[in-house]
Amino acid sequence: MSRVEWAYRGVVATVTTQPAQRRAPKTGRFNNSVVKKTVMAVSGIIMILYLLAHMVGNLHAFGGAEEFNGYSHWIRTIGEPAVPEQTLLWIIRLVLLASVIAHFWAAISLWRQARRARPVAYVTKKRVQQSFASRTVRWGGVILALFIIWHILDLTFGVVNPAGTGTTPYDRLVASFSNIPITLFYVASILILGWHLRHGIFAATQTLGQTNKKRERAVNGIAYGISGLITVGFLIVPLSIAFGLID
Amino acid sequence: MTSTETRTMSLTLNIWRQRDRTKKGKMVTYHVTDVSPDMSFLEMLDVLNEKLILSDDDPIAFDHDCREGICGSCGVMIDGIAHGPEQTAVCQLHMRSFKDGDVLDIEPWRSGGFPVVKDLAVDRSAFDRIISAAGFISAPTGTAPDAHATPVPKGDSDAAFDAATCIGCGACVAACPNGSAMLFTAAKVAHLGLMPQGQPERDTRVLKMVAQQDAEDFGGCSNIGECSAVCPKGISMETISRLNHDLLGALRAGAVPTS
Chain A
1 MSRVEWAYRG VVATVTTQPA QRRAPKTGRF NNSVVKKTVM AVSGIIMILY
51 LLAHMVGNLH AFGGAEEFNG YSHWIRTIGE PAVPEQTLLW IIRLVLLASV
101 IAHFWAAISL WRQARRARPV AYVTKKRVQQ SFASRTVRWG GVILALFIIW
151 HILDLTFGVV NPAGTGTTPY DRLVASFSNI PITLFYVASI LILGWHLRHG
201 IFAATQTLGQ TNKKRERAVN GIAYGISGLI TVGFLIVPLS IAFGLID
Chain U
1 MTSTETRTMS LTLNIWRQRD RTKKGKMVTY HVTDVSPDMS FLEMLDVLNE
51 KLILSDDDPI AFDHDCREGI CGSCGVMIDG IAHGPEQTAV CQLHMRSFKD
101 GDVLDIEPWR SGGFPVVKDL AVDRSAFDRI ISAAGFISAP TGTAPDAHAT
151 PVPKGDSDAA FDAATCIGCG ACVAACPNGS AMLFTAAKVA HLGLMPQGQP
201 ERDTRVLKMV AQQDAEDFGG CSNIGECSAV CPKGISMETI SRLNHDLLGA
251 LRAGAVPTS
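Those sequence lines, one after another, are chains A and U.
Going by our numbering, the first residue of the first sequence is number 1, and it counts up by one from there.
Going by our numbering, the first residue of the second sequence is number 1, and it counts up by one from there.
Treat the hints as calculated values from the structure; they're not laboratory data.
Glycine included, C-beta positions come from ideal geometry on N, C-alpha and C.
Among these hints, one or two may not hold up.
Covered stretches of chain A, going by a simulated chain U footprint (3 or more residues, C-beta under 8 Å) [said to hold, decoys possible]: (1) 34–45; (2) 75–82; (3) 118–127; (4) 134–144.
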């Protein structure tokens, strides 16, 4: 303990301070906040690559029921008979599951670190330059996780689908997006995904040490471009069904 | 000449009062009159303190030293913005940036890494510990080498100098929604890592300094950019990208994150 005294015109203010302790630095790769961010960036990039493939696959809906169901069947039979049925699909599913877990682990870990970093909140705090996308990225991620669970139960398993289980993928697709509340839920989720990716792509580039002042415009352009492409690509199928262009 | 010399302002200030780091603090309202628009923000606080002292009240503690914007001692949150509405240190902020009758909330930097010492003064020794973790080069002492003995590319020396302008005021931490000190750490890593003299310890430096910033209860960066927007020295976000690049390079090169 040390005592510091301020004196001014006979008024003395005494403050007792604890000597600041040198805290032991955290060792281990995964305690390092930059490593956590890297895990976030790499898992995010894997998921973006998957989203692009998924988006292109969805466009088969414009070819009609036979084409869409055929595509769905093809995914399950790639490599047959050299490898058992659904081999590639399960590899994709496991990689995605690992990415989702890694992405969440990094997010929760950084979120907790951020909470520890500001134990007393500001009475007044203003935003100077932060974007809507960067501010909503954490809660957006939570909403997207809930959306993905619902989405798998709806279109993959058919459990919560209006057409029910035991139907073809195309039946489930049309049944879901002929329903207005479900369509609105999808549209909202895709828009949240777009905002999530707009910040995520920029942040991943920054985290991997690839941004600088000269590239800033290009990186932001790419972030808007990819997130815009994914947003439009995913909205086009549900909206086409909702407006009767596909039935 | 304008008529600003005769025009004075009155302000209402809600200021965080906290006796010491163990006590709970609260906002207390003060009225200041006869504020000249040409005063600096700290001079305005001096005027308030003189009034408090004359009325046998406890003056408001705040850090300051050079009052020229180069020492990094001062810094408070003014109405939710670190160093107030201008991108400068609070000593270089003038009352002409405010209007007569303004109501301002004045708070200390809020960070787990910066415990409040008293009122608006916080303990920023965590920054010193980040630097002492590895923010140095090991150079033999002796006669200064010839200036042209080690050529440095102009671009590198400019970028290193931009990073080296960091005065360690802590506004980046205060402004960051994550309470991260990554802009500060990155500036210190970059200004040495860009120079030839900084190369031998470049890998271990970045790992040790980031490990120390994490240990000091600062948050992780999520690339929001509030830090750079309030930095009195305008240190850019690319500095953090450079730190990330160096850290990943160090891990790839097999350096181990230890102290």
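Tell me, which hint numbers fail for this structure?
-> 2
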